[in-house]
Each structure stands twice: as C-alpha cells, then as structure tokens.
Amino acid sequence: MTEKTAITPATHTAPPAKFSHGVRKGNILQVAGQVGFLPAVEGQPPTPAGPTLREQTLQTLANVKAVLEEGGATWDDVMMTRVYLTDVDHFAEMNAIYNTYFEDQGLGAPASARTTVYVGLPQGLLIEIDALAVLG
Amino acid sequence: MTEKTAITPATHTAPPAKFSHGVRKGNILQVAGQVGFLPAVEGQPPTPAGPTLREQTLQTLANVKAVLEEGGATWDDVMMTRVYLTDVDHFAEMNAIYNTYFEDQGLGAPASARTTVYVGLPQGLLIEIDALAVLG
Amino acid sequence: MTEKTAITPATHTAPPAKFSHGVRKGNILQVAGQVGFLPAVEGQPPTPAGPTLREQTLQTLANVKAVLEEGGATWDDVMMTRVYLTDVDHFAEMNAIYNTYFEDQGLGAPASARTTVYVGLPQGLLIEIDALAVLG
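The listed protein sequences derive, respectively, from chains A, B and C.
Each residue of the first sequence is one higher than the last, beginning at 1 in UniProt numbering.
Each residue of the second sequence is one higher than the last, beginning at 1 in UniProt numbering.
Each residue of the third sequence is one higher than the last, beginning at 1 in UniProt numbering.
Don't read these hints as lab results, they were simulated from the structure.
Among the clues, some could well be false.
For chains that are exact copies, the list does not tell them apart, and a pair is met inside one copy or across any two.
Stated by the list, open to error - Listed below are the simulated SDA-like cross-link pairs for lysine to any residue, each with C-alpha atoms no more than 25 Å apart in a straight line:
#, residue 1, residue 2
1, K18, F102
2, K18, E93
3, K18, Y101
All figures in this text were calculated on a predicted structure; none of them were measured in a lab.
All chains should be modelled from the sequences, with the hints used to inform the complete structure.
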C-alpha cells in the first residue's frame, strides 16, 4: 500500500473547494491547475500577480514549481504541462516567457510534453497550468 | 507484461465512439470524460439526469465513481479530476455541490488535485469530469 | 533512477516552444498535443494536411502514433486520449473518422479512455489530440 499525500505549499492560498494543490502517491505527482495568484496573505482574498500575461505566467509557473518542490520533485520530473490560455493571440508571448523561464531553470532533463488550448477562465485570469510528474 | 483492461459499468450507456469508459493497466486507472447521463435504458438514447447543474454534477460524479469501482478503485485512489464547465458563473455552485459530495463520501485519503476550465460541451450538457487514479 | 527521455520523430516539425513532442520515463509515455501538420519540410513553416476535419484528424492521429512508436509504444498502450475540437458540430464526423481509424489499426487491447471538449485553437486548426500511455 502506497500512501497518497496532499501537497500544500505554505505560500499557497487555500483551494476554493475540496481539492488539493498537489497529490503524490508512489512516484506519481499531480499538480492541480495553478493560476497567477501571489503568495497567500492571511485575511486577504487571492490576488493575481498583475494584469499582464507576463506577470501571471511567471507567477503561475512559480506556483507549479512550489507544489513540485513541496512534493519532492523538480521540473526535471515533469512529464506534461497543460497550459490554458484565454486568447489565441497570447500564444507567441506565452511561448517566449515559457522558453526564457525554462532556460533560466537550468533543466537537467528534456523539457516536458505540453498541450496548449484556449478556454474560458474566471474574470481577470489569463493563464492556468497544471502538471503531471513522475519521480525518479 | 501487464494487461490493459476496459472498464464498463453495467449502468453506463455505450460510448458514442471507439473508446472505453475506463481502462486499467497495472496500478493506473483512467476514467474517460463522464457527463450527467442517467443509467442506460435499453433502446433509449442517453438522457441527462436533468437540466440543472446540481442534477448533472451529482450524476456525473456518480458515473465517475461507478467506473472507479468497476475497476477496483475508490475516490481515495484518485490523483486528479478535470472538471469542464460551460459557464464561469457555475463555478461557485459546482464547488458547493462538489464539496458536499466529497464530504458525504467519507474519504480516507487527501482530496485529489483538480483543474477546472470553461469549454464548449454538447447541447444540454453543463459539466464533464474525468479522473486519473493510481491504485494502492 | 529512471531516465526521462525526449521523443522526437524525424517527421515532426520543431515544437514552437521549449517542450517535447513526447517524453518517456520508466513505463509512462506522454504525447504532447498534436495537430494536423504534415511531416516537416526543411525551411518551410508547419502546414496542416488540409482544411477539412477528416484530413486534420487523420494526420493528427498519425502524428500521435509517430510519437508513440518512436517511444517504443503502440496504440494498445494508450490509456487516454484527449480530443480538442473547435466546434460541437464536428463531434459526429470526428467520431466516425476516429472509429474507422482505430478499426484499421487492428488493436490487440481495449480502446483507450477519451475526453472530448470544445475549445479555441490557432487559426486554421480544427483538432488537437494528446495521449497518455503506460507501457507493458
């Protein structure tokens, strides 16, 4: 029996419903959909890092990374990211930010697979990302 | 060699194409996108549980659970649910239904991760949910 | 320590960002979102197989299969496909194409699970598919 554990970075706002920011069981780690909320501040509602795609993308990636690290993983363990954007016109800019971000991470393994689609998101949010990791 | 098996609850309507409601291979179980269709009735087309988000959400969760159980899993084994809604204004109500549902399930493990996005669905359907489980 | 490897079929156009068309680690293989681009031609931009849903669906499935095979897997190993369409009215036609395609593949294992949702995609693209496989 392998235990399933919840992953809850101290920086994260409480999920708005009965789900975990991440869960790990054995060597599988699943990161829930993250958005560009700043680290939680007691007594304040979740606040996006800013109105721009750049601010939100970088904060979203930081939030995914925080869950990975809290669960004992790194970006190198990630098999798949799912990127949800609200506007097809954001694709090129998101890619540029994504590329620079991962160049800066100094990955030791190949980049993960990825799917990007265009959906609706709550008002003010421009991007959401989740990730599936398989630990070594 | 681990065998891949199809999971087909007796209550489920036939899939509209060549896919399985669920598959299991080793300790991985994947539940296909479920919607709020009532248990199948021979000779009748698939029928949603009702027009409301509440009726469809509860039926959808019951349908996911039926696949999990037919495959030898429970909600406790679920790592990730993907919730597809058609309207951002349904988020709060879906969360309330989702929370109550899972409180009633008496989970013995942490809640799964989750991603919720807003997409198009076939006429009359308000919610679709799929799930990835890792068995113990 | 299991190594994570990138899967890059020779036929594939370069990803538009820092991600892999597929990755494999241990017995898990993840195929990135594939679209209906024809095999890459040096010096030419990615070109869809054609404007129709049929052309793009078949090319997309061929592209997913190429990643699976390059990674040592087959359709029989696939647990889940995620099908992204842009128009609910394409569902029946996509299903017909999907069914015929898989009948022609001569599967030796049950069909994978599947989720189909309707999203936005870049101009000119009608379908995107990704896949998760668990090898035997």
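Of the numbered hints stated earlier in the document, which are not met by this structure?
none
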